[in-house]
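Participant: As they're listed, the protein sequences go chains A and B.
Numbering of the first sequence is given in the UniProt record's numbering, commencing with residue 1 and proceeding in unit increments.
Numbering of the second sequence is given in the UniProt record's numbering, commencing with residue 1 and proceeding in unit increments.
Restricting the straight-line Cα-Cα distance to at most 25 Å, the calculated cross-link-like pairs of lysine to aspartate or glutamate (DMTMM-like) are:
{"no.": "1", "chain 1": "A", "residue 1": "Lys35", "chain 2": "B", "residue 2": "Asp131"}
{"no.": "2", "chain 1": "A", "residue 1": "Lys37", "chain 2": "B", "residue 2": "Asp131"}
{"no.": "3", "chain 1": "B", "residue 1": "Lys125", "chain 2": "A", "residue 2": "Asp299"}
{"no.": "4", "chain 1": "B", "residue 1": "Lys28", "chain 2": "A", "residue 2": "Glu159"}
{"no.": "5", "chain 1": "B", "residue 1": "Lys226", "chain 2": "B", "residue 2": "Asp216"}
{"no.": "6", "chain 1": "A", "residue 1": "Lys37", "chain 2": "A", "residue 2": "Asp299"}
{"no.": "7", "chain 1": "A", "residue 1": "Lys37", "chain 2": "A", "residue 2": "Asp296"}
{"no.": "8", "chain 1": "B", "residue 1": "Lys125", "chain 2": "B", "residue 2": "Asp218"}
{"no.": "9", "chain 1": "B", "residue 1": "Lys236", "chain 2": "B", "residue 2": "Asp131"}
{"no.": "10", "chain 1": "B", "residue 1": "Lys125", "chain 2": "B", "residue 2": "Asp216"}
{"no.": "11", "chain 1": "B", "residue 1": "Lys236", "chain 2": "B", "residue 2": "Asp216"}
{"no.": "12", "chain 1": "B", "residue 1": "Lys28", "chain 2": "A", "residue 2": "Asp140"}
{"no.": "13", "chain 1": "B", "residue 1": "Lys125", "chain 2": "A", "residue 2": "Asp296"}
{"no.": "14", "chain 1": "B", "residue 1": "Lys284", "chain 2": "A", "residue 2": "Glu159"}
{"no.": "15", "chain 1": "B", "residue 1": "Lys125", "chain 2": "A", "residue 2": "Asp292"}
{"no.": "16", "chain 1": "B", "residue 1": "Lys28", "chain 2": "B", "residue 2": "Glu80"}
{"no.": "17", "chain 1": "B", "residue 1": "Lys236", "chain 2": "B", "residue 2": "Asp315"}
{"no.": "18", "chain 1": "B", "residue 1": "Lys160", "chain 2": "A", "residue 2": "Glu271"}
Residues from chain A shown here face chain B by an in silico Cβ test under 10 Å; the list is partial:
{"no.": "19", "residue": "Leu38"}
{"no.": "20", "residue": "Ala144"}
{"no.": "21", "residue": "Phe147"}
{"no.": "22", "residue": "Val149"}
{"no.": "23", "residue": "Leu150"}
{"no.": "24", "residue": "Ala230"}
{"no.": "25", "residue": "Ile234"}
{"no.": "26", "residue": "Pro276"}
{"no.": "27", "residue": "Leu278"}
{"no.": "28", "residue": "Ile280"}
{"no.": "29", "residue": "Leu281"}
Example chain B residues on the side facing chain A (calculated, C-beta under 7 Å, incomplete):
{"no.": "30", "residue": "Met15"}
{"no.": "31", "residue": "Ala18"}
{"no.": "32", "residue": "Ala29"}
{"no.": "33", "residue": "Ala143"}
{"no.": "34", "residue": "Ile144"}
{"no.": "35", "residue": "Phe147"}
{"no.": "36", "residue": "Leu151"}
{"no.": "37", "residue": "Gly255"}
{"no.": "38", "residue": "Leu258"}
{"no.": "39", "residue": "Ile263"}
{"no.": "40", "residue": "Gln266"}
The set of hints was computed from the structure by calculation and includes no laboratory data.
Quick reminder that beta carbons are idealized off the backbone N, C-alpha and C, glycines included.
The chain contents come next:
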Amino acid sequence: MQTNEQQPIEADSYTVVKGERHRSPLQISFRRFFKNKLAVLGLIILLFVALVAIFAPFFAEHSPTKTDMLKIEQSPSKEHILGTDSSGRDNFSRLVYGSRISLTIGLAAMLFTVVIGVVLGSLSGFYGGIVDGIIMRATDIMLALPFIVLALTVMSIVENITISIFVTIIALTTWPTLTRIIRGSFLTLREQEFIQGARAVGASDFRIIRKHFLPNAVGPIIVNATLLMATMIIIESALSFIGMGIPQPTPTWGNMITEAQNIRILRSHPEAWIPPGLSILITVLAINFIGDGLRDAFDPKK
Amino acid sequence: MYQYIIRRILIFIPMLLALSIIVFALAKAAPGDPFTGKILDPNVNPEVFEQQREALGLNKSVPEQYVNWASRFAKGEFGESITYKGRSVQSLISERLGNTVRLGVFALFLTLIVSIPIGIYSARKPYSPLDYAATTFGFMGLAIPNFFFGLVAIYFFSIKLGWFPSQGSIGGPGMEGFSEFMSRLHHLVLPGITLGLAGTATYMRYMRSEMLDVLDSDYVRTARAKGMSERNVLYKHTLRNALIPIITLMGFEFGTLLGGAIITEQVFNYPGLGTLFISSVINKDYPVVMAISLFLGVAILIGNLLADIFYSIVDPRIRYD
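This is chain A alone, in the form it adopts within the complex (with noise of 0.2 Å):
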């Protein structure tokens, strides 16, 4: 992949100039990456939340789901490091797992949202004209609505909240954003030289975009999904925490917090849902900080 804009041939031919080793323009931007202290730090923090993630039977002796009517409202113990919920569900558990959700959401949202981004933002970028009034169009209505309304709005609509259905329904509002990213890079670069050059030698449409547009464009593709993880992880948790994301039993940062709405668990049992605030807060940090990190790599103004 190049993002070297004045070489569009492939990394195989492309030849080495004065004796220097040769690095693709990916490899210097990763060996920048690397060199960013804070952005490596929110590439541990974040490897960490997802071990824990992973290993969650490992860290939690608990069920998360498992409700005890006889302990609800415990304070910190031995056995319950972070006392109990209001149903008597471990908290410690709980965060273990809700690391699961956040991630899994955070991920999965931006992906989709990644997919429908770069498909529209590629034919608006591209096409131009009607295609281009058309999306752009969209992109304006969708944005005059605050995504929190559109989301409650859906949200109350659909009955069962299952994690597909909430990561389809955040994806489909919040795609402009990128979209409108995506389409700007490609108008940048489409009047530059290389493109005109592929399509003067009579390459496909499709073949343009996947090998010339899309290659051009990807460091503010990879910059922009990872701040939209972190920016999903915070939908979710808000979203959660009004009691329209994931639905109890599901542990998730947000839906623990909503435990704080409460105003005697709120001032008694600060235990209960600052852990949750807390990881919520560091992961998102880690992951703008890695973001931060990768805009820097891939400036070529740097």
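Guided by the hints, dock chain B onto chain A, whose structure is given.
Facilitator: Same frame as chain A, but now just chain B:
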């Protein structure tokens, strides 16, 4: 420029129609109506429910319902709420609107008054300790979910320290004049900071990078070269130009502000449009849901329109064709 403004206003109309169709379609796609799911009172004849549905126009064809709804909407009749018996949607919204506007304006005020000076300072002394502190604050402000920040604020400032109330918009009924103002302000502090936080972080970053860009430009160098005082360079040449993109940002961020207000109001149990919207969504009170969605949508469209028009006025370099 005038041509651009007129064209920009004309685009507004089809957008408005499309928006209303989306809102209406969403409300219609919802399963059930206000009468489903309620435990049917055995003493009430099912025909009564049927009559009610007929009276509310729920049995007509969907396009017919849309036209009815849209034409009534255009006349300013938003219908009656289903959960609040006998209350018009209009009265419910106007009762809450003031609170949401106050919250939004207060949050925006805090945002601007904090972010612009800090942004300017960071750009003047990049990589200074305060710049690093501001950057850290920016990262945190964007990463912390506002509902969590709100709860932490309630925990420390209402419960532990008792400085600010944790919910509501005013201390009690019957307040007037200055005491009413102070009570409202007192209630606004925590929600206002919570709502303004993410915006502050965004504007600060923007302001810093815009200022750095402008400080780097040729005309600033010229101004310095001809011996203009640093103060004049900064406030007459740099700041004015750096503020222009902030106007566009305000247009864009307007929707985020309103969306954030919905969550923030919920956290602080603040009686605004947001809490009304959430309770209406939960109660499937579609007339209210539709009215609020459309209302917010229109507000955002107008916000963007004004930002675009204002931008074309303050920056004559921009040409639209």
